[in-house]
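Number of protein chains: 2
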Amino acid sequence: MKQTKLCAELNIKYPIIQAGMVWVSGAKLAAAAANAGCLGVIGAGSMKLDLLRSQIQKANSLTAKPLAINLPLLYKDIEKQIEISIEEGIKIFITSAGSPKKFTKYLQNKGCYVIHVTSSFLLAKKCEDAGVNAVIIEGFEAGGHNGRAELTSLVLIPEVSKQLSIPVIAAGGFSSGASVLAGLTMGAEAIQIGTRFMMTTESSAHDSYKNLLVESGEEDTFLRLKKHVPVRLLKNKFEAEIAELEDKGANKQELENHLGRGRAKSGMLEGDIKDGELEAGQICGFIKDIKPLAKVVEDILSEYDEAYKRIYNP
Amino acid sequence: MKQTKLCAELNIKYPIIQAGMVWVSGAKLAAAAANAGCLGVIGAGSMKLDLLRSQIQKANSLTAKPLAINLPLLYKDIEKQIEISIEEGIKIFITSAGSPKKFTKYLQNKGCYVIHVTSSFLLAKKCEDAGVNAVIIEGFEAGGHNGRAELTSLVLIPEVSKQLSIPVIAAGGFSSGASVLAGLTMGAEAIQIGTRFMMTTESSAHDSYKNLLVESGEEDTFLRLKKHVPVRLLKNKFEAEIAELEDKGANKQELENHLGRGRAKSGMLEGDIKDGELEAGQICGFIKDIKPLAKVVEDILSEYDEAYKRIYNP
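Heads up: the sequence lines are chains A and B, in that order. Sequential numbering from 1463 applies to the first sequence in my numbering. Sequential numbering from 1463 applies to the second sequence in my numbering.
Chain A extracted, bound-state conformation:
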């Protein structure tokens, strides 16, 4: 697999980043990804401070490779989350859901590498102007929180890669080695993979949720809650209730009232697959197994080689 400049900067073997996913990407998943040659990322958004510290320590005990932390900037304890991450030796920060101006300089002054997640060219340009080291550009097909412009990966990657001078990491819709090669072909310096890595033995998604993902079909995710914060959900009872409210023209407040609090945790971590919020990317409908992360990476490498030979076969 192509070694990009970003591989050297991040000290990773393959240009693959395991997405930081709320409730499902803890120490075990991040360490497994790091040990498999990818960038392992602890999804810290949902973690209380003690848990965050212990998860970083645990991940560091499971791998000698560099780890990153994914921090949505909207939580009240964000400054403490940052301090703990730095204290525990994290050098790569993936930030989202807030202004890239807010902590970038501070983190860089502490010797950290800052990647901001965004969903359009104009927002990516703002990240570059704010001085981040790299951007993750996430398409409409991605699971979880999603951009308002609904731009897809195929539309975004060639354009954003061409127009920005910092490295662009492509996210949304990737699970096969063929798509990884396609992303690099379009100019991405690395590919972020979420749903396929959530569907591994090491992710902390509840088994009931994993089973539901395996059984899902291609038409089973929907972008919901557009009047609140758009989020791609796997269909279930909760999603159907939101769909019905939206069909009737419910406003932001009505949607927020029905969403309430704690549904993502109860769904994805605790396995309430009826009333919980189940975040997943479109690609889940095509993934038919749960296996160790290292096996997923092995498959990606062989699919990559196959796709490579399809084009570069003299």
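Think of the hints as simulated: they come from the structure by calculation, not from any bench. Glycine included, each C-beta is placed from N, C-alpha and C at the ideal position. One should not assume that every hint holds.
Said to hold, decoys possible - Capping the alpha-carbon separation at 25 Å, the derived lysine-lysine pairs in DSS-like fashion look like this:
| no. | chain 1 | residue 1 | chain 2 | residue 2 |
| --- | --- | --- | --- | --- |
| 1 | B | Lys1688 | A | Lys1750 |
| 2 | B | Lys1727 | B | Lys1520 |
| 3 | A | Lys1699 | B | Lys1572 |
| 4 | B | Lys1688 | A | Lys1697 |
| 5 | A | Lys1464 | B | Lys1464 |
| 6 | B | Lys1464 | B | Lys1527 |
| 7 | B | Lys1464 | A | Lys1689 |
| 8 | B | Lys1689 | A | Lys1697 |
| 9 | A | Lys1475 | B | Lys1510 |
| 10 | A | Lys1699 | B | Lys1689 |
| 11 | B | Lys1527 | A | Lys1688 |
| 12 | A | Lys1624 | B | Lys1753 |
| 13 | B | Lys1771 | A | Lys1710 |
| 14 | A | Lys1714 | B | Lys1588 |
| 15 | B | Lys1475 | A | Lys1771 |
To be verified - Residues on chain B that point at chain A, a partial pick, calculated with CB under 8 Å:
| no. | residue |
| --- | --- |
| 16 | Leu1536 |
| 17 | Gly1601 |
| 18 | Phe1602 |
| 19 | Lys1699 |
| 20 | Ala1702 |
| 21 | Ile1704 |
| 22 | Ile1745 |
Assemble the complex: chain A is given as a structure, and chain B must be docked to it using the hints.
Frame of chain A; chain B shown alone:
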């Protein structure tokens, strides 16, 4: 550029198909595409029978290359449209908006090659089972009428290409040579390009509409009319009215009433850019010029080479 098996079957130099687009892809555009080494396609859906015959004749007078016809199967004169096309020497039919079972065998018995347009793996499999020669799989980012599953090109192409044994043509989101190479990398046998070819001197889109497309930004198309037939529209007064109705929970009938008849013609062909229906793909926001189709193809070829070298640099 890679010569796929489909290039040989369709007798084209490049694995690129100019999309048949209602009101904008007549004889001039189809002949220009054919002369540039692509498959030229007359978008016949909107054409009355006399116009259809004269457009095929005109196209044939402008090129010696093979031409295809794009026929949505929902118009009342569909059988006559087919007869006229066969009489005028068309050998490649691209069908959509109806069952692939309906005319495939009939057309194949007349020596024609049948390609059906679809938008999900399950629908593509049904096309294969119906015996079509190839499928066009169109992602959410595409302009005009769109699938209900909202699956994107990046999600669909690797999976559909892997699971079908007939050739898969990728559509939706393509305009640069880098994306064309990415599509082929993921297993497509050809790439269909719509919006980029609509934004050429040879397309019959009205100049006012072309200018609006050039000025558009990345956030300016929206998938509307989902309760009727989903269609990706460029923002304008009409689109905003539909958005407002949808926001309030309008039902199918209310949407159809507001849509009325003839809006696509008045918008795209006649240039009523306020009240007309303007169909366009997401990629329009990144296209900043109108130029001859041959120049577009030339640019695609050089971008393709650049993307090729990005990966294959021994």
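Hint check against the structure, violated hint numbers in rising order: Those not satisfied are hints 1, 3, 7, 9, 11, 13, 14, 16, 19, 20 and 21.
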